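Chains S and F supply the protein sequences, listed in that same order. Going by full-length UniProt numbering, the first residue of the first sequence is number 1, and it counts up by one from there. Going by full-length UniProt numbering, the first residue of the second sequence is number 1, and it counts up by one from there.
There may be inaccurate statements among the hints.
If chains are identical, the list can't say which one is meant, so a pair holds when it fits in one copy or spans any two.
[Claimed, not checked] Within a straight-line C-alpha distance of at most 20 Å, the following computed SDA-like cross-link-like pairs (lysine to any residue) qualify:
id: 1; residue 1: Lys67; residue 2: Ala184
id: 2; residue 1: Lys105; residue 2: Ala184
id: 3; residue 1: Lys317; residue 2: Pro55
id: 4; residue 1: Lys183; residue 2: Gln58
id: 5; residue 1: Lys238; residue 2: Asp308
id: 6; residue 1: Lys342; residue 2: Gly303
id: 7; residue 1: Lys142; residue 2: Glu305
id: 8; residue 1: Lys16; residue 2: Pro55
id: 9; residue 1: Lys105; residue 2: Glu187
Hints were generated in silico from the structure; no laboratory data involved. For clarity, every value in this text was computed on a predicted model and none was experimentally measured.
Protein chains: 2
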Amino acid sequence: MWCSIFLQRGVVDAAKPIIEEEILTKLDTKHLSSTQTNPFRIADFGCSTGHNSFPAIQIITEAVEKKFQTEKGSTSRTPDFHVFFNDQLMNDFNTLFHSLPPQRKYHAAGAPGPFHGRLLPNASLDFAYSSCALNWLSEVPKAVADRNSPAWNNGKVHYTGAKKEVYEAYSNHYANNIESFLKARAEELVSGGLMALLVPAVPTFKDSETSYTTPTEMDLIGSCLVDMARNGILSEEKVDTFNFPLYFTIPEELKTIIERNQGFSIERMEILNNPGKRTLPSAYARATYLRAVFEGLLINHFGTEIMDELFDRYTKKLAASPLFLDPDNEKSIIIFVLLKRKVA
Amino acid sequence: MWCSIFLQRGVVDAAKPIIEEEILTKLDTKHLSSTQTNPFRIADFGCSTGHNSFPAIQIITEAVEKKFQTEKGSTSRTPDFHVFFNDQLMNDFNTLFHSLPPQRKYHAAGAPGPFHGRLLPNASLDFAYSSCALNWLSEVPKAVADRNSPAWNNGKVHYTGAKKEVYEAYSNHYANNIESFLKARAEELVSGGLMALLVPAVPTFKDSETSYTTPTEMDLIGSCLVDMARNGILSEEKVDTFNFPLYFTIPEELKTIIERNQGFSIERMEILNNPGKRTLPSAYARATYLRAVFEGLLINHFGTEIMDELFDRYTKKLAASPLFLDPDNEKSIIIFVLLKRKVA
């Protein structure tokens with residue numbers, strides 16, 4: 001799914017030592033299903049076509065193996081891993097399956113469907129993982145595309161710089177989505193099971209919101225769409241009814257939502273360290289990346305015809321905007337959270 | 001996958017009462033993982049895009065539910081079903097996932113890969129199912145496409161009417177494939193777990209082989225290819241190196257192979273009753289069906305250019321052949337086998 005172009009590459013690498021340490025210290029093998037005759041089950045929620053998922057799964061399986069060897073002596077058998085790759089129905093599972101590492105040490109399965117609902121049987125999962133996926137909402141909050149609602153988001157395509165009601169509609173929808181996600185995972189995880197989340201976010205809502213380039217990149221697409229509506233290429237109605245189903249939380253907000261779910265203890269929560277040196281991709285590279293991520297969404301609403309012009313305009317605006325010329329303006333962060341399923 | 005066009009429709013319907021009866025009488029809930037806190041896991045091996053799989057899974061889940069209610073009283077909880085849909089990597093899992101019944105009472109997962117190997121963790125599966133899939137070989141036996149082998153199958157594309165060595169190469173490959181399939185499933189199934197197989201076959205090898213229309217249909221494609229090579233449209237080399245990776249066993253042979261695996265007891269084995277009245281599809285309908293099944297295989301070897309001509313020729317030969325005018329000449333059968341994983 002989608003992290004900032006600055007962050008996408010290094011996320012797994014930056015999370016690696018933390019995930020390894022947490023599995024070694026927090027994985028409670030006594031409560032896990034694998035301590036009976038069962039395998040050790042892992043799921044990645046929002047895996048896309050696997051490019052960033054496979055390295056993460058390798059880190060998790062190797063750390064779990066190490067933990068089992070440490071606890072049970074080097075003669076104990078390696079757990080039989082069963083890994084579930086989840087994403088929405090519209091995800092390209094054919095590509096995912098063809099991309100599976102041939103030398104993998106686990107049985108791979110696809111688990112299609114929205115991760116805000118149940119996907120796996122009760123108490124069947126030992127380790128849940130999700131990276132750069134929980135910033136996606138299940139859908140655009142209905143009120144923001146409704147002309148008769150006080151939260152109607154006309155002339156904009158996201159909540160940055162929009163009126164308070166728009167922001168609240170997004171914020172409430174996000175909270176509901178995360179609550180549904182946690183409820184489903186609490187049912188699926190075994191007692192003592194761990195969940196590692198890597199959540200795209202911003203450090204605070206207090207600064208001028210336009211200083212966060214990640215949400216602003218979407219806002220910039222919005223301004224291109226508004227320009228095209230003014231030039232008669234699109235109807236204003238079309239632009240007014242389009243909004244991006246994405247939300248960037250802050251650490252305090254995420255913590256509050258998680259604590260409302262009684263099923264988990266927060267074992268660790270921190271902002272992931274800057275994953276490596278940030279280099280500045282060209283406007284063209286950034287536009288190409290955003291097009292790859294959002295084109296499906298935009299085509300669904302606007303049709304294919306306007307895409308080339310939209311992203312031409314977008315590339316030009318990006319190149320001309322001083323905000324995007326300095327990587328230090330990139331304020332998006334990744335929150336790392338490790339949760340443990342409380343013993344029922 | 002592929003049953004005879006006569007049989008494909010009615011197979012699930014014909015098997016329904018047998019599967020229901022066997023689950024009610026033979027399913028040993030004491031040994032099953034679901035009697036602990038675990039879900040009841042089912043896998044369909046060779047499910048294609050699900051068209052014939054979904055009805056079968058519904059029959060199986062309903063029968064298991066009924067069995068649980070009968071054994072444990074109507075107040076006992078319904079098992080939490082986890083269903084694994086398996087087929088080769090080249091299968092269209094995107095279509096399969098989009099076709100999943102929206103009202104299904106189970107968690108669905110895809111399990112990609114060849115079913116002659118391991119796909120699921122040890123002792124994790126309660127019920128295995130495979131319909132019209134075990135007639136596909138893992139690949140064409142190498143010797144039949146090898147000019148230097150006594151089993152070289154020149155001028156033909158299958159074993160019907162071919163020399164003894166060709167037939168033996170197919171037969172040995174089939175035995176190895178079924179042995180691998182049984183070995184993998186024996187590891188995956190829990191003690192006491194059941195496996196229902198619906199295996200395309202012929203009643204006996206003793207009659208003139210050309211009286212079996214199903215293999216002969218492939219032979220007829222072969223004769224079209226040979227004609228095209230004679231007319232210079234194809235090279236003879238191309239035809240000599242192409243063979244269909246399909247084999248139709250007989251009940252006695254299948255029984256012998258199964259008995260060699262010590263992990264299963266044969267609980268029931270019979271020829272499935274003629275599923276409904278056989279109607280005679282037109283030569284065109286039969287050719288269209290065969291084209292849908294085999295085109296991918298043929299394009300891989302011969303390219304796309306010759307497909308229209310090949311199936312034009314095939315339709316004409318089929319229409320002109322008296323063997324295909326009478327549905328009573330259709331001698332293909334489906335063997336039903338119910339196996340139980342012996343208690344380890």
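Against the structure, the hints:
With identical chains, the CA atoms of Lys67 and Ala184 are never at most 20 Å apart, being 27 Å at best within one copy and 28 Å at best between copies. In this assembly of identical chains, Lys105 and Ala184 lie within 20 Å of each other by CA distance solely across copies; the values are 16 Å between and 27 Å within a copy. In the homo-oligomer, the alpha carbons of Lys317 and Pro55 never lie at most 20 Å apart, since the shortest distance is 35 Å inside one protomer and 54 Å across protomers. In the homo-oligomer, the alpha carbons of Lys183 and Gln58 never lie at most 20 Å apart, since the shortest distance is 26 Å inside one protomer and 27 Å across protomers.
With identical chains, the CA atoms of Lys238 and Asp308 are at most 20 Å apart within one copy only, with a shortest distance of 17 Å there and 45 Å across copies. In the homo-oligomer, the alpha carbons of Lys342 and Gly303 never lie at most 20 Å apart, since the shortest distance is 47 Å inside one protomer and 58 Å across protomers. Neither within a single protomer nor between protomers do Lys142 and Glu305 lie at most 20 Å apart by alpha-carbon distance, with minima of 26 Å and 50 Å respectively. Taking the shortest alpha-carbon separations for Lys16 and Pro55, only the intra-copy value of 9 Å comes in at or below 20 Å, while the best inter-copy value is 44 Å.
In this homomeric assembly, Lys105 and Glu187 come within 20 Å of each other (Cα to Cα) only across copies, at 16 Å, whereas the closest approach inside a single copy is 27 Å.
The earlier numbered hints that this structure contradicts are 1, 3, 4, 6 and 7.
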